Structure formats: C-alpha cells, structure tokens
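J.: Sequence:
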Amino acid sequence: MNPSPSCSDASKSTLPEKYDPLKVEPHWQAAWQAAGAFRAPPAVKPDGQPDPRPKFFIMEMFPYPSGRLHMGHVRNYSIGDVLARAFRMKGHRVLYPMGWDSFGLPAENAAIKAKVHPRDWTVKNIESMKGPLGRLGQSYDWTHELSTCEPEYFIHEQRIFIEMWKRGLAYRKGALVNWCSSCATVLANEQVEDGLCWRCQSVVHQRELTQWFFRITEYAQQILDDMEQLRGKWPDKVLHMQENWIGRSEGARIRFALQTPLADVTEIEVFTTRPDTVFGATFLSIAAEHPLALRLCAGLEREAEVTAFVNKVRAEDKTRRGADDYVKEGSFTGAYVINPTNGRPMPVYIANFVLMDYGTGAVMAVPAHDQRDFEFARKYNLPIEVVIQPEGAPLVASELTAAYTERGRLVNSGDFSGQDNEDAKKNITAWLAEKGQGGQTVSFRLRDWLVSRQRYWGCPIPMVECPEHGYQPIPDAELPVLLPTDIEFVPGGQSPLATHPTWKQAQCPICGGPARRETDTMDGFMESSWYFLRYTSPQYAGGILDEAGKTFLPVDQYVGGSEHATKHLIYSRFFTKMLSDWGVLPSTLREPFVRLLTQGMVLKDAYRCAEHDYLYPEEVQDGSCVKCGQTAQHLRQMKMSKTFRNVVEPMALVEKYGADTARLFCLFAAPPDSVLEWNEAGVEGCSRFLGRLYRLVQRFLALPTEGTPPTDSAQADLRRITHKTIRRVSADLFERQQFNTAIAAIMELSNAISDFANTQTAQSPVLRESIETAVQLLGPMAPHICEELWHALGHSELLALSAWPVFSEAAARDEQLTIVVQVNGKKRAELVVAAEAEEAHITQLALADAAVKQFTDGKTIKKAIFVKGRLLNLVVA
RNA sequence: GCCCGAGUGGCGAAAUAGGUAAACGCAGAGGACUUAAAAUCCUUAGCCGUCACUGGCGUGUGGGUUCGAUUCCCGCCUCGGGCACCA
1 MNPSPSCSDA
11 SKSTLPEKYD
21 PLKVEPHWQA
31 AWQAAGAFRA
41 PPAVKPDGQP
51 DPRPKFFIME
61 MFPYPSGRLH
71 MGHVRNYSIG
81 DVLARAFRMK
91 GHRVLYPMGW
101 DSFGLPAENA
111 AIKAKVHPRD
121 WTVKNIESMK
131 GPLGRLGQSY
141 DWTHELSTCE
151 PEYFIHEQRI
161 FIEMWKRGLA
171 YRKGALVNWC
181 SSCATVLANE
191 QVEDGLCWRC
201 QSVVHQRELT
211 QWFFRITEYA
221 QQILDDMEQL
231 RGKWPDKVLH
241 MQENWIGRSE
251 GARIRFALQT
261 PLADVTEIEV
271 FTTRPDTVFG
281 ATFLSIAAEH
291 PLALRLCAGL
301 EREAEVTAFV
311 NKVRAEDKTR
321 RGADDYVKEG
331 SFTGAYVINP
341 TNGRPMPVYI
351 ANFVLMDYGT
361 GAVMAVPAHD
371 QRDFEFARKY
381 NLPIEVVIQP
391 EGAPLVASEL
401 TAAYTERGRL
411 VNSGDFSGQD
421 NEDAKKNITA
431 WLAEKGQGGQ
441 TVSFRLRDWL
451 VSRQRYWGCP
461 IPMVECPEHG
471 YQPIPDAELP
481 VLLPTDIEFV
491 PGGQSPLATH
501 PTWKQAQCPI
511 CGGPARRETD
521 TMDGFMESSW
531 YFLRYTSPQY
541 AGGILDEAGK
551 TFLPVDQYVG
561 GSEHATKHLI
571 YSRFFTKMLS
581 DWGVLPSTLR
591 EPFVRLLTQG
601 MVLKDAYRCA
611 EHDYLYPEEV
621 QDGSCVKCGQ
631 TAQHLRQMKM
641 SKTFRNVVEP
651 MALVEKYGAD
661 TARLFCLFAA
671 PPDSVLEWNE
681 AGVEGCSRFL
691 GRLYRLVQRF
701 LALPTEGTPP
711 TDSAQADLRR
721 ITHKTIRRVS
731 ADLFERQQFN
741 TAIAAIMELS
751 NAISDFANTQ
761 TAQSPVLRES
771 IETAVQLLGP
781 MAPHICEELW
791 HALGHSELLA
801 LSAWPVFSEA
811 AARDEQLTIV
821 VQVNGKKRAE
831 LVVAAEAEEA
841 HITQLALADA
851 AVKQFTDGKT
861 IKKAIFVKGR
871 LLNLVVA
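Its first residue numbered 1, the first sequence is counted upward by one per residue in our numbering.
Any given hint could be a false lead.
Claimed, not checked - Label-pair ranges, simulated between beta-carbon atoms:
no., residue 1, residue 2, range
1, Gln698, Leu224, 55 to 63 Å
2, Asp51, Lys113, 47 to 55 Å
3, Ser754, His240, 42 to 50 Å
4, Glu815, Ser754, 20 to 28 Å
5, Ser624, Gly36, 51 to 59 Å
6, Asp420, Asp605, 56 to 64 Å
Hint data in this document are derived by calculation from the structure and do not stem from the laboratory.
No experiment lies behind these values; they were computed from the predicted model shown.
We put the beta carbon where it would ideally sit given N, CA and C, even for glycine.
Take the sequences, apply the hints, and build the full model.
T.: Now the structure itself:
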C-alpha cells in the first residue's frame, strides 16, 4: 500500500515545520480506510491456509444513537481503540466492530415532538454519529456494523423469543409490575433505581398486569457459579454487584397447617433461612398480596378491618413501601396455624413489610431472633420466645431490647435443645422433611425478567393470541414481524401498536381463525443481550452467526460502564448460557466476555450563581457571575451534564487540538477505571507533549538505520531506557491496562531522547531506534501524529500495521545500580555500584561512606539486611 | 443499616512480590530567546529548619507486625459506589 504523501513525504524525509492536526488527521484516516487496515482477518486466508495469528475480539458497549457524541463516549472508545490497535501491532487477528443500539424511547419521543418517524430520526442520528467516530481515529471494522432496529437484525431476536417460548423460558404471568407513567410502559426490576425509572427518573408505581417474562431465574445458579471464570478478569466491583443482585440464600421451606382449613387450602408454606429457630416461631406474617390474605378472614367479624388494611397496603407503591419512614404495620386475620414442631397455635397476620415476590410471600415470625419480628411482636403484644442462647448470660425474653441474631445453642427446642444453631439448621430441616412438613431449599433475590413493553419503537413480540388456541408463535416463514409504518404519534398513554386499526388483526397459525397480534414490543435490553454474537457475522441470513463468525468468540475484551453491571451484563451472560444449551453456540462457550474493563465517569467543575443558577465557564470571571457580579459557587467535579453547564463538546475539542490530544488526555489524566476530572490545562499539556515529540522527530529524520552498536555509555544508556520503556509500555497495555502510566513512560523516553540529543552529537542508529520506538509505542494512543512521524522517518508501510517493538533483555540490563544504604531503616546514602557487586563489597563501601559513618561510628552492627540490587540496611545499637 | 472501594504535594496522579515516597503531567517560581509578547527551551520545586548540608517531619487518623509499611493486620474518621424490609 502506498498512501499519497500529501502530508509527510517519505521519500524526502521532511516534515512541515508546524504540525497541523486538522490536516494530518483526516489524511491518515483516509489512508487507513483506503488500505482496509482495520478489516478483521478471517481465520482462513484467501489462499485457503489458516491464519496462524491468535484472534482478538474487542468491543465497547455500543451507543444509543442519540445523535450526539459526549465525552463519556470518547473516553470509552479511546480505551477500546488503544487496545485494538496495540493487539493488532502485537500480531493478533483483531475484530473490532461498532454498531447501534437503535430501538428505544427517545426515538419515539422525538416522533411525538418533532413529527419525524422514529426510523428516520434514528437513521439520521446514526449517520451524524459515524462521522465524529471516524474523526476520533477509531479503528473500527465498519464491515461488521449492525443496527438493532433493522429487520435483518431483529428477525433473529424474534426467533430467539419463539424458541424460548417453546422451551418454557418465555411465559406470561399476571403480576404486580413496575409502571412508569412518563414512559407509559412497564419496567424490569433492575430498571427501577431507588424507586425511579432508570431512563426518565420519574416515580415508578405498581400495577397489576399480565406480561411476558423470561425465566432468567432458571439460570441464576449458573450465572452465580460461572463467576469463578471471571474472577480476576472482571472488576471485583461488578462481580460483587451481580452477586448481590442474584442474592442467593439457603434455607428451608416449612409448611404450617391451618387450624381451620379452607375447602381447598390446608396449610401455609413459608421460606426461612433460620429453620433453627422454628421452635420460637410465635406467629406467621403474610404479604397483603398473598392469595390467602382476604380469604382467611372471610366471614369473621374482623373481615372489614382486614380487607381495608389489605387494600390500603396493596395500593401503596414500591417507593413508598421501601421508604425509610415506612411504619411496620399489620392486621390479625383471625386465623391460626399450628407450629409443626410443638403444636402451638400461631396467629396469622398480614404484615405490610412482607414481600409477595420473594420466597412464598409468607414468613414464620421468630421475634426473639429477628429484628422485624421483634418490633412487630412488641407492637402487637405477641409472645416472644428465646430458643437460641449465646455463651454467657442467658437471654430473658421479657428483657430483650432487640432480637438476638448471632450464634448460640438451642433451648426450648425439643430434641434439638443443646445443639449448636448452625448444626440445628441442617438437623431440623432434615427432621421436617422426614415428617413431610418441609425441606431444604434455595431462594434467589433475582426475579424473572419482565420483557414486554407497551411501546412502538422496539422489536415486536412474534406471537398471536387465538381465542381457541391461546398464545401461538408466528410461523417462521412469516418472520420478521415488522412494525407498521402508518402510525400517528400522539403524546401520552397508549402504545401506537395497540391503537393501530388493523395491525393487530392476525390469523391463528393452528386453526387459521382470527387472532390478536401481540402489541407489546420487547425490552431494549433484549437487543444488547446478543449483539456481540451478531457482530461476528452481521450479514449472515441463515442464523445468528455463521461458522467463520464463531471462530472469533468469545469477546476477549469488553469495555464499558459499570452502570450496566446488573442489567446488560447479567442478561448477556444469561443469553450466552441459553444459546450454548441450545447448541447455537459451542457447549463450551458459557461466558460472553473474557475480560471486562469498566471506565469511570467524566467529571468537570461547575459554577453556580445564587441568582442565575448554573453558569457556563465563560460566564464566570474572577470567581464572579458576569451577569450580576455575585460570587459564583465553585462546585468541584460534577458529572458532565447540560443542567450543570459543564459539558465539553468532543468535536469542538477535536477542532481545537485534534483527535490525538483529546484521546491522549482521556487516557493520561487518570487510570481507566477511576473518574476522569476534566481540566483544560491538562489538555494543553497533552497537546504540548505531542508538539515536543513532533519537533524532536523533525530534528532527526535522516539518522542511519544500521551501523555500529552503541559505542559509548551515553548510547548504551539511551538504548537501555528505550528497551525498559518497551517492557513497561507492553505490560501497561497488554496486562495492566493502565494507559496513564504507559503514556508517562513514553514521555520519560521522549525526555531522555531529548537530553541525549542536546548533549551528544552522535547521529547513531541508537538514536533512531529510540525515536522510532517512542513513535510506535505511542501509536495506539495518538495514532495520527505517530503515523505521520513514522512515514517521515522513512517507512512506507502503515504504523497501524507495523510490528510492535521487540524487547531485548540484554539491552535493558543495567550495568550499574544505585544501592540505597539505610541505618536502622533510615536512608543515609546512595551508592552506585556495578550490577553484579556482592554484599560484602557493598557493605565495605557503605561503612566507608561519610554520611553512613556519622550514624554507625562507635556502634556495633547487629544485623545487616541486603536486598540484591536495591538496598542495604545496617541495624546498629 | 449491610456490603464493597478509596483517602499520597497547590492539582491530576505514580510507586508492577514489604525495600530510594511523590515518576509523568498541570499550575507556580527563576532564567534564556524576543524591541515586546506568545510559542519554545533550560533550571527549580512536599513541609519545617539551616549560610549550607549528609538535619527533622511527611502517604486521612490512632495503634500493631517488621531491620524496614503508601503497601500487611486491628480500631476510628471522611468521601465515593452498590444493596436496602429478601425473612
């Protein structure tokens, strides 16, 4: 390949005096494009021979095409691009794709507001985001691009849905669901954050609706178990969040017989993690939503009171019920159950803190050993019975001020009295199982995934409902089910699909009779649960992915935000396991993402005036508001947002400094996983560094490429630093993923080259090697300027495709070392010695050192600690 | 409330197996170049003391382990994140 040298001229080895990123960057972007430099090489080469290079599949979390790129994207994609470019140079077959998460509510809102069709709005936004991504220098292989709102994409999603339905993994269930009235749709549990909608932050209410669910709980244990494979490769924080979200707890189910059985119900089953305390259970609490809540009191004089209480609790939304000041209340149903361990009658209460969708919606109350039950018992004067005694002073029920929840020995527990409570858990559970009263069980906090959405701009659920045959899938030949295009978008309420005059009219695939087409669409998280698979073969029509595509799996490196820890990342793991079980993916492929890097947020200072609220930076002068002169409040490091008026526009930044500077700053200012504090002076600093490097290279374009090895110590030193830098940067990029230190190392090398160039006259190959190494090592971070310099240094092939510098142990070896001499652990001197110097020799030198002598004279050396190559510590007394 | 993570110069940060604390960069100070400025280059730079140094102090805080602790252990404080009646 021979890029047109309109910027640097390789043959003449000259560079324009001044570096102009706005001219140079687009030039090399075009050259990479023309060379197809970023096309993912297939496993089998065109000549039929296998490509021996290891594959490397890297991707970032794809964006929702809002039409605007923000700094968070720039940070995310810079990190991904560095890794993609570095691994490419390291000799990997890199697949680095990009796509669009293009179904979703904003498109629909835009349709209502601006009267544009969601599709047109989305397609236009994608177009307007692609340019800026290219302008950043992202090395994506666009031949693998996908957009999830396209029928060629979502037809596979509809097939997955149908397969799930056939396997009982997709089902309909009437339940209390999270309803966001602003989005006019339901939400999955993980999409409710602090009682608010994850998308629009409005309060979520509960509604009784029948909806489509995915049985993700079926995979809960596997999702938990397979985290072992991810440990050390995913951030602990994310694994921990998933663990908490899944919330596995071991316990027992215990059945309590009703004292007065109903016609069809004779007992109430509870879930407990404390079967060891069952002898101390003195009442039963059930949820207001429990099917027996209203039945137990039927016909009793308490009926009206209980019904009123149940209705009151049922009407309260989740936010209310989770609030700090929510008062624990209950109502006695009038019914009793029998404690199977001791025959004691226990009153059954409705309690407003018992959750219907965890365990069985009923709990045995042991007030002596559970804080909630304790408070409840005190409030309603229910008996408290101690059945676990700690070591030391025994507990007396009437004197308790709080429940005792620690370990101890059982008392008042029949044959189990005297046992350690941990042993008793197992023993009592086994005993109850033997009696047919219960057994060991596991409960998860994770709930099934609610996937139906009452919206238009989503993937249609490919089902019809026949009055005769119930829900039936659309026959495969009729897929994909497309969205109707003749839609009028009106604000508020009903899904346009439900109100469309004809779209929902369909035929039952079994009897051919009229059937109602499902008007719900799928949750947007459905598309992102498998897009990484589709990236490998986005054009393949025969299924989700083809055989060649499979060779790229799994994703070796995924880069994104930790805000998806319990949503997207759990769903994707669920899908991978499911598809692997079905044989769509190899049976050994159980996890989608080998390594995960979660980048931190981008923050910036904000200013606020008492009168004019948040101010743009240019509205603040000398700490005062330019509008009214009042002192502006300086708020440190707030999340970048329009509200705070502290947003930095990526493209404005690129126009001012160039993409390389923007990338470099994002990578240099902080380690990737911590917050990035935006700071204009820091950006200037990065820009200046690139300028320094440019001028440095400019001075030495015509150095000899070959010749004598280092002939003096200055050259040997430079060579040593060069190779140490190769080692450091390689480790930082390929193992540690610490780009800030990689850049610092290259800066040090650049400073060393500069020092050498200023003091030495040798036009040596060593100098050339060091300069070329610096340019290559920086290439993944600042690809354009490095590509320019690389060609100016006389290379005709692309830096982006050049081979990563090879580290030489011999060249990096130190001849002399600085040994720190400590006396009693305090540094007193430094000695420069030959690398191979022995302890005895160093000790001798140390004792002769004036500074050391000052602290050792007249004292005896009791002990000497010698750390080879590092330090000598003399312990004196 | 419970569970994680983090606290290092004026600022962002570094220290990769317990071994020179502050690499690299920003801001600052001084100087060179310039009629001047910008840009650039050089020097300096934790705090205190000192003519000076090879002195003292110093990684949120109080203890501990160690010849030696930013690093390991225990208590406390502050900040950030996650979960929050999960029985």
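J.: Confirm or reject each hint.
T.: Consistency of the hints with the structure:
1. Judged by the Cβ atoms, the range 55 to 63 Å given for Gln698 and Leu224 holds: they are separated by roughly 57 Å.
2. Take Asp51 and Lys113: their Cβ atoms lie about 50 Å apart, and the range 47 to 55 Å holds.
3. Hint check: Ser754 to His240, Cβ distance near 45 Å, so the stated range 42 to 50 Å holds.
4. Evaluation of the 20 to 28 Å hint for Glu815 and Ser754 yields a pass: the beta carbon distance comes to about 23 Å.
5. The beta-carbon spacing between Ser624 and Gly36, approximately 55 Å, falls within the hinted interval of 51 to 59 Å.
6. The hint said 56 to 64 Å for the Cβ distance between Asp420 and Asp605, and at roughly 57 Å that hint holds.
Hint violations for this structure: none, all hints satisfied.
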